[in-house]
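A.B. asks: Construct the complete structure from the given sequences, taking the supplied hints into account.
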Amino acid sequence: MSPSRLESAVPGRAPAPGHTDPAILRNFSIIAHIDHGKSTLADRMLQLTGVVDARTMRAQYLDRMDIERERGITIKSQAVRMPWTVRSGEDTGRTFVLNMIDTPGHVDFTYEVSRSLEACEAAVLLVDAAQGIEAQTLANLYLALGADLQIIPVLNKIDLPGAEPEKYAAELAGIIGCDPADVLRVSAKTGEGVPELLDEIVSQTPPPVGVADAPPRALIFDSVYDTYRGVVTYVRVIDGKLTHRDRIKMMSTGAVHEMLEVGVISPEPTKAGEIAVGEVGYLITGVKEVRQSRVGDTVTSATKPATEALGGYKHPNPMVFAGLYPIDGDDYPVLREALDKLQLNDAALAYEPETSGALGFGFRCGFLGLLHMEIVRERLEREFNLDLISTTPNVVYELLMDDGSGITVTNPSEFPTGKVAEVREPVVRATILAPAEFIGTIMELCQAKRGALQGMDYLSADRVEMRYTLPLAEIVFDFFDNLKSRTKGYASLDYEPVGDQAADLVKVDVLLHGETVDAFSAVVHRDGAYGYGVALVNKLKELIPRQQFEVPIQAAIGSRVIARETIRAIRKDVLAKCYGGDISRKRKLLEKQKEGKKRMKMVGRVEVPQEAFIAALSTTDSVAKDRR
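For the sequence shown, my numbering puts the final residue at 737, and the numbers step up evenly by one.
Check each hint, because a few of them may be wrong.
What the hints assert, rightly or not - Subject to a maximum C-alpha distance of 25 Å in a straight line, what follows is the list of computed PhoX-like cross-link-like pairs (lysine-lysine):
1) 276 x 298
2) 597 x 558
3) 413 x 380
4) 450 x 358
5) 358 x 380
6) 593 x 558
7) 695 x 276
8) 413 x 358
9) 597 x 276
10) 650 x 703
11) 558 x 648
Stated by the list, open to error - Derived Cβ-Cβ restraints for the label pairs, each shown as a range:
12) 202 x 269: 33 to 39 Å
13) 322 x 282: 15 to 21 Å
14) 251 x 313: 18 to 24 Å
15) 567 x 379: 47 to 53 Å
16) 525 x 470: 57 to 63 Å
17) 517 x 650: 31 to 37 Å
Just so you know, the hints here were simulated from the structure itself, not pulled from any lab data.
No residue lacks a Cβ here, since even glycine has one placed at the ideal position from N, Cα and C.
C.D. replies: The following block contains the structure:
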């Protein structure tokens, strides 16, 4: 069935929200690796169920942010309510209400997926019929199994010429433990098999379970900030019901608010009188203080509150840290407010104020990965009209000093110069899935990145799963790019933190005219320190303008200089007005100039323009790639 013909398949309307029997509710999520077709499948479901008409339909309908549409990736989970009248089986002719959550696929947004799964009873595990199972497929499958969800295996893109549904159905069945015949086959692009999938979702997904007449309890799984209406909170109701104009209480903070609006998303926000057991909806209380609506909190009634809060979520630990500074120092309060509002929408973002001698006032921010960092910075610049500089990304190090004290370092400038007994760096367990022909080149790459092979299994005759322990600092920069280029784009990567290990790490400082510039400091492995230092001083020599005096640029480990370049002084031609005459006059002028240069060198300061900082810090990623 082609997308153009899907609009004709519109069933009857769903029951109004708030009056829905939990027995006809089905809450499910779509999980998959990047580019396996989650958002396209969601589009077909929206068309088939009739909640989006032909005039308003567009590709990747649920990807609301411009940045999602430009990059072609899902960053935020989106929930939508759809009616579906079953076409086959024992429930033929009955209309059910489906609450679908479309989730991101990238490893940096795994936390977004885990929160969404808590609001569901089933997960559609989507696999590309031309590429098969990939690393993030397995990671998301384990998340769904950990949340005790019903798994519905589906092969997508069966219309592609290179599709091998039989082969990958057997592979998927072997991992989940089902029969290959139970793996559904669909084409999200053409719509083939999607009605049958919706029927299967109804039959396989268990209805939500809750106590209808108990004090209300709802789990906050997401929030956004609306300029006009304040905080909009997305919830999944577990027990009881939440009614318009009720007074509600946030159980972790104790804050009490009046509900100004309650409703469901279908796929645009739709007001309702109430939302009850099993329903996914939104609340608006008019709250402007973003900290009063925390993801994972339990919403209950202020008059008849529940006694026990819901489990909530385990907060993710940041994996990568970087400083964010406004180019215009007057924008610092705007940046603080912007981070507050963005953290409401992105609970994995952590930040605290910090000061840099070179860059002024800013924030030290924690991210789940480099893509997460890129997205946060871009959203701050777009949504809040800010111009920002980000420092070199780095990970958290634990230091043990000779006197037995311990120090946690999140910023290279905090790295002590005293006697360090041991430096411990975070390590991750990386899972790499690739064609068997690339085993050798993957091993070579992982060994260059100080990795240790933990095991290897063949998923099929020509696909292998490799497990490595790798330092996080080695993979956050360029590991994924190198992996893709060495395997012609066929390898996939997933990783999770597993602790830390001792390592021979040093801090490389950059000195301009003898003064340390903290923004350029970096912690690197001793073996790669020289290459990093040489590359960075060469780059700075190109970027920093010439001064009235000679400026040395040095890279140093402690007091030992490992690389140096010199920016030559600008020399004024003081002899321009001398035409012939006594040579002693010319010498006198040159000596006077020399004395002036010497005096200027003693008292002068090197002014590094903001453009040079931006260019240097944006190229430190490439410098880090070349440090071996």
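A.B. asks: The structure should be examined with respect to each hint, and the outcome stated for every one.
C.D. replies: Verification of the supplied hints:
no., hint, verdict
1, 276 x 298, "holds, 21 Å"
2, 597 x 558, "holds, 19 Å"
3, 413 x 380, "holds, 24 Å"
4, 450 x 358, "holds, 21 Å"
5, 358 x 380, "holds, 21 Å"
6, 593 x 558, "holds, 15 Å"
7, 695 x 276, "violated, 87 Å"
8, 413 x 358, "holds, 10 Å"
9, 597 x 276, "holds, 21 Å"
10, 650 x 703, "holds, 23 Å"
11, 558 x 648, "holds, 24 Å"
12, 202 x 269: 33 to 39 Å, "holds, 34 Å"
13, 322 x 282: 15 to 21 Å, "violated, 43 Å"
14, 251 x 313: 18 to 24 Å, "holds, 19 Å"
15, 567 x 379: 47 to 53 Å, "holds, 50 Å"
16, 525 x 470: 57 to 63 Å, "violated, 24 Å"
17, 517 x 650: 31 to 37 Å, "holds, 34 Å"
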